[in-house]
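Asks: Residue numbers (this note's numbering), protein chains in the order written: chain S, 1 to 217; chain U, 1 to 412.
Don't read these hints as lab results, they were simulated from the structure. Take the hints with a grain of salt, since some may be wrong.
[Said to hold, decoys possible] Below 25 Å or equal to it, Euclidean Cα-Cα: the simulated DMTMM-like pairs (lysine to aspartate or glutamate) are:
id: 1; chain 1: U; residue 1: K324; chain 2: S; residue 2: D70
id: 2; chain 1: U; residue 1: K411; chain 2: S; residue 2: E167
id: 3; chain 1: U; residue 1: K411; chain 2: S; residue 2: E146
id: 4; chain 1: U; residue 1: K411; chain 2: S; residue 2: D173
id: 5; chain 1: U; residue 1: K311; chain 2: S; residue 2: E146
id: 6; chain 1: U; residue 1: K87; chain 2: U; residue 2: E223
id: 7; chain 1: S; residue 1: K119; chain 2: S; residue 2: E146
id: 8; chain 1: S; residue 1: K179; chain 2: S; residue 2: E146
id: 9; chain 1: U; residue 1: K48; chain 2: U; residue 2: E182
id: 10; chain 1: U; residue 1: K60; chain 2: U; residue 2: D258
id: 11; chain 1: S; residue 1: K31; chain 2: S; residue 2: D11
id: 12; chain 1: S; residue 1: K63; chain 2: U; residue 2: D404
id: 13; chain 1: U; residue 1: K12; chain 2: S; residue 2: E133
id: 14; chain 1: U; residue 1: K308; chain 2: S; residue 2: E141
id: 15; chain 1: U; residue 1: K152; chain 2: U; residue 2: D128
id: 16; chain 1: S; residue 1: K137; chain 2: S; residue 2: E124
id: 17; chain 1: S; residue 1: K63; chain 2: U; residue 2: E407
id: 18; chain 1: U; residue 1: K311; chain 2: S; residue 2: E167
[Claimed, not checked] Which residues of chain S face chain U? A few of them, derived with a C-beta cut under 8 Å, are:
id: 19; residue: D80
id: 20; residue: H95
id: 21; residue: D104
id: 22; residue: L107
id: 23; residue: A113
id: 24; residue: V116
id: 25; residue: Q117
Note that the coordinates shown come from a computational prediction; the quantities given were computed from them, not determined experimentally. The beta carbon of each residue, even a glycine, is placed where N, CA and C say it ideally should be.
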Amino acid sequence: MAQSSTMIIIDNLSFGYSDHKILSIPHFEVKESQHLMVLGSSGSGKTTLLHILGGLLAPKQGKVTIGETDIYSLSGSQRDKYRGQNIGLVFQKAHLISALSVQDNLLLAQYLAGMVQDKGRVKEVLSELGLGEKIKKSVRELSQGEQQRVTIARALLNRPRVILADEPTASLDDKNAQKVIQLLQSQAEQYKASLLIATHDQRVKDQFELQLNLATA
Amino acid sequence: MNLLSLSWNYIKARPLNMVLNMLLMGLGIAIILVLILLSSQLEDNLAKNKKGVDLVVGAKGSPLQLILANVYHIDFPTGNIKLQEAKDLTRNRLIASAIPLALGDNYRGYRIVGTNHDYVKLFDAAVDEGELWKNNLDAVVGSNVAQSLGLKVGDTFFGAHGLSVADMEHEEMSYRIVGILEENNSVIDKLILTNIESVWAVHDHDEEHHEEHSEPQLGSAYETGFPEGDEDAEITSMLIKFRSPMGAVTLPRMINADTNMQAASPAFETQRLFSLLGIGVDLLKAFAVIIIIIAGLSIFISLYNALKDRKYDLAIMRSLGASKTKLFFHVVLEGVIITVLGGLLGFLIGHGLTEFLAGLYEKSDEIGLTGLIFVKQELAVMLISVGIGIIASLIPAINAYKTDISEVLAKE
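In isolation and in its complexed conformation, chain U is listed as follows:
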């Protein structure tokens, strides 16, 4: 027998009350945890994938779409820009580096991205097997792509036009896999990389119907920089890093006003996205906080009422040698036990629900959502809930502390 088992026995003696309080507490905590888990993973992923990119330049359209399509590879591109125009822009002295991207094809739902080796370096991605691309139609696949499609170095495949699975295949020219990347926990895991000329070649081929398949051709600018292209050559976008912060001030305005291209800042657009989502998240959070406060209130009321019936018990415990302080902690412990159990319940529901939602939502795999990770904020939520348990039991505990034993015992 000790204070813990004493308090626990009192809780057990009123099981319905305990279940109600625990459920209320658990529900409130679960909602908050789901929100924390989802938004922290989303923020994490968004931050990781936009690392090193100060500005995205692409075709005019929605700036958010430009970012989503070219940085996160979840939306469709806004269109293409002229290679020559893009090249001209990179001569601006405010630009430290520029990585060209050519999107438009996929292989079984995984995007084929024409780019150069700088893109791999941007993610600090390492080669797991084979090597990076050199020749036209060489392809390097991300770890997720290799795993889920069972691809190995040396395999060949046909790209399909468009960015979703059902589109028509370019059956004339096949890519050959020369390398597989290590897992990077970023969007690059879900991409198939090649050089820009390969993307062009696959498309040009539709029109020209040449058969020059056998000889591998060394690509131009596969390591860095822009490929040589004719007048009509196009790319989808380029990812720009500024030389100095001045770039952020003048470049976007210059590009948007003076060229046929559009510039968008990943930092600004993701922040805008979050402030749009944030209203909903804040509302849900407020709702969860209200539930937790009601749970605290419910714990307070049930302890308060229970202690009215337990005045005699408390007096007896005092007569058996319990000090005032001991009774105080006995009551506080009861509130804490209920909230800790409620917190654990909420923890299980929260993670379970997140995992369930992540499984339900198709795109979650692309964003990398899971219910099986733990973030620091959760600990804070747990501590706060225990704090609420303490606060809820404070008044009943003070009453227990102040019990006048002689008066209570003499009453009956």
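This is chain S alone, in the form it adopts within the complex:
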């Protein structure tokens, strides 16, 4: 396979992201290792698009191909598993399972994706994100920024081919926001993953060359 083969293909996609508005994307491609900023004001359908790409929400019409797989031709549980193994998701708020420790949160991600539970790998990812010392901590003891970094670690853990981040900086201060974007970029590069960040955050929106503006799409 070539260095920059196509990772995401959207074909003839249409979806309603609120009761009246319908957005359609006739064709769109994202290549391996490509970074894309999805822009648009709130309510423009950024989240909906990311959910469709992540296999969380079936579109009204159209085809979404991740890698070589048409994800909406899979059964529900096959799609869940495919998502767990190939797609890393980061959300606006750092949602971790608060009943579990940092390490168990990551082990859970391996378990639920049907991968081998590898504590070495967990440690490695956490160290890369500067969280090596927090491994045994309860997630309740972490700061907002640390929690968001743990969710990034969780998204990267299974070496995904696609990373989808939905407003990952919205609840962070300037310093942490920059840090998170840089982290996502460097990690995506390291794993040769396609990175899609949906945001309307003025602080970060101009950092990527490739942009998809939903207001004008």
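Fit chain U to the supplied structure of chain S, relying on the hints for placement.
Replies: Positioned in the frame of chain S, the structure of chain U alone reads:
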């Protein structure tokens, strides 16, 4: 990390809730187990001891008392009947066999029973040491008696009048132990057996004051049948086995109407006893069932409320690759873990409480009550409690199954 430890971590995160649910479940199960343990042991014991006895004939009085005194050896006898009258009755062709009993004395609280070897056969009891009685004043003791009083073959003792410890001793004539029975797990373990003439001799002696101690006298009818006695000779009762079921229809009525004796059926009287006790047992059982249902409800409510806060967690787990079915089982497992722990707690409390009650109640040793046995019904109770855990978590689990991940994740 797996579903079990995931569910367990969620339970651990809310310890007070878990303890409350576990205690409720445990309490309900404990009460039911105590009732099951006590009534099954009681029924078992009552059934074992009345085996082979179709009818008990004794002096007039309460039929239940007659049964309790002569079959189970826990109540006092209703009185005596004339030996001659009893003998006459056994000639009835409906009677296959009759075993005479003469009660009235004890040795340190253990009843001395005058009878013949048929009584030992009735229980399928075997001799552990020595042999069965032959001569007058020979005694054979049950395993419990031998053990707790430290009696050996060759020992002698004085019987005491009456059936409880404090009564006066017959100090003139002593019994000699010729045999010890093997453990039989029945009432015979707690009896001292001899022939009927010995019981008579001990009593007659009080009045006559002879000294004919030295020569052992061979008893009459020690193996089977009735001893030779004078006109005034009396026995306490006889245990009758029918030749045909017809006996059950005609004999009791005939005896009760035409003689000075009373006939009572062990089967009928124990059933009557149980139906009297049964009302209390049923009430307690209903009470325990209500507690278990409340426990199930409490588990349902706490899971339901907890899952409202956990919608986001569930959506995240889905986004990490968990299938709908996995989340369903994750929630059900939580209910099951709580009920299984509650069940185990109830199991411990139930057996502990039964053992404690058995220790508290003096007579329990005579009936053979213990908290350290296990009956099949317990397994059923455990399975039912797990079933309740599953039912209680079903609605929350279905909600978890139906979580719309996209909607939940988009909300915040």
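Asks: For every hint, state whether the structure bears it out.
Replies: The hints, checked one at a time:
no.	hint	verdict
1	K324(U) to D70(S)	20 Å, holds
2	K411(U) to E167(S)	13 Å, holds
3	K411(U) to E146(S)	23 Å, holds
4	K411(U) to D173(S)	22 Å, holds
5	K311(U) to E146(S)	23 Å, holds
6	K87(U) to E223(U)	16 Å, holds
7	K119(S) to E146(S)	20 Å, holds
8	K179(S) to E146(S)	11 Å, holds
9	K48(U) to E182(U)	16 Å, holds
10	K60(U) to D258(U)	12 Å, holds
11	K31(S) to D11(S)	15 Å, holds
12	K63(S) to D404(U)	21 Å, holds
13	K12(U) to E133(S)	24 Å, holds
14	K308(U) to E141(S)	23 Å, holds
15	K152(U) to D128(U)	11 Å, holds
16	K137(S) to E124(S)	16 Å, holds
17	K63(S) to E407(U)	21 Å, holds
18	K311(U) to E167(S)	20 Å, holds
19	D80	5 Å, holds
20	H95	5 Å, holds
21	D104	6 Å, holds
22	L107	4 Å, holds
23	A113	4 Å, holds
24	V116	12 Å, violated
25	Q117	6 Å, holds
This entry does not satisfy hint 24, going by the numbered hints stated previously; all others are met.
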